[in-house]
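These protein sequence lines map, in sequence, to chains A and B.
For the first sequence, the numbering used here assigns the number 1 to the initial residue and increments by one for each residue that follows.
For the second sequence, the numbering used here assigns the number 1 to the initial residue and increments by one for each residue that follows.
Quick caveat, the hints were computed from the structure, so don't treat them as lab data.
Computed from a predicted model, the values in this text were never measured in an experiment.
C-beta: ideal position from N, C-alpha, C; glycine also.
Some hints could be false.
[Claimed, not checked] One-sided excerpt, in silico: chain B residues whose CB lies under 7 Å from chain A:
id : residue
1  : E14
2  : Y46
3  : G50
4  : F101
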Amino acid sequence: KAGVTQTPRYLIKTRGQQVTLSCSPISGHRSVSWYQQTPGQGLQFLFEYFSETQRNKGNFPGRFSGRQFSNSRSEMNVSTLELGDSALYLCASSLGLPRTDTQYFGPGTRLTVL
Amino acid sequence: DAKTTQPNSMESNEEEPVHLPCNHSTISGTDYIHWYRQLPSQGPEYVIHGLTSNVNNRMASLAIAEDRKSSTLILHRATLRDAAVYYCILTNNTNAGKSTFGDGTTLTVKP
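Produce the complete structure using the sequences and hints provided.
So this is what it looks like as C-alpha cells:
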C-alpha cells in the first residue's frame, strides 16, 4: 500500500497570503489528523477528521481551517499568513479513530513564510 | 488533556539495550499509551502501543507500570538507525481526546 502523501513538499509564501495543503491518506483509512511542528513548540495538534467530520480541534486561531472529502483526502488552509506560521505541517491517517488506532504520518509540507 | 513527561535526551551505546521512560501520572482509565519516533527529516513513525499489559513487537517492548502512571519503551539492541526523537503520548476514544506530543526524548546512539 502507498503511504500517506502530502503535497506540496515545500512551499514559500509571503505574509498575508493564504495557502492550501493537501493530504492523501493510506487507502482505506478514514481518519486524518494534522499537526504543526516547529523547533520552539514541537509537535502541536491542529485538527482531526473522521468520515468528513471534524472531531477535534487544537488551540489554533481561526485562520487555520481544514476539511475532509468523501474519499478521505484532506486539505488544510491557512489564511493571512504570519511569519510564525513557518513550520513543518504533518498529516497522519489511521484506519479508525486515531485515539486507539495507529497513526501513519506523511513526510510533511515545509512551509516558509517570508 | 493528560500530559506525559520524558527526559530531554538519552545516550546509548550501539548493540546495548535502551530503556526510555515516560511519566503520565494523570492518565485515565481509557487512555492508551502510544510511542512514536521521528528520525531526522521524516514524519513520526509508530513504534508500539498498549493499554494495561506489557507489549512486544518486532521493534520494541513496552513495559507499563501496574498503576499505569509510567511506562518504559525498551529497545533491546540499539542500532545507529534508532537515533531519533521518541515521543510518548496518551490517546483515548472520546471526542475530547487529543494527541498531545510533548518534547520527546532525543536518543543518541554511539558506535
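Here is what the structure says about each hint:
1. A cut of 7 Å between beta carbons decides the hint on B/E14: the least distance to chain A is about 26 Å, and the hint is violated.
2. Contact between B/Y46 and chain A, as hinted, is supported at the beta carbon level, the nearest pair being about 5 Å apart and thus within 7 Å.
3. For B/G50, the interface hint is violated, since its Cβ never comes within 7 Å of a Cβ in chain A; the closest pair sits about 11 Å apart.
4. Annotation: interface hint on B/F101 holds; nearest CB of chain A at approximately 4 Å, less than 7 Å.
Violated hints, in rising order: 1, 3; the structure is consistent with all others.
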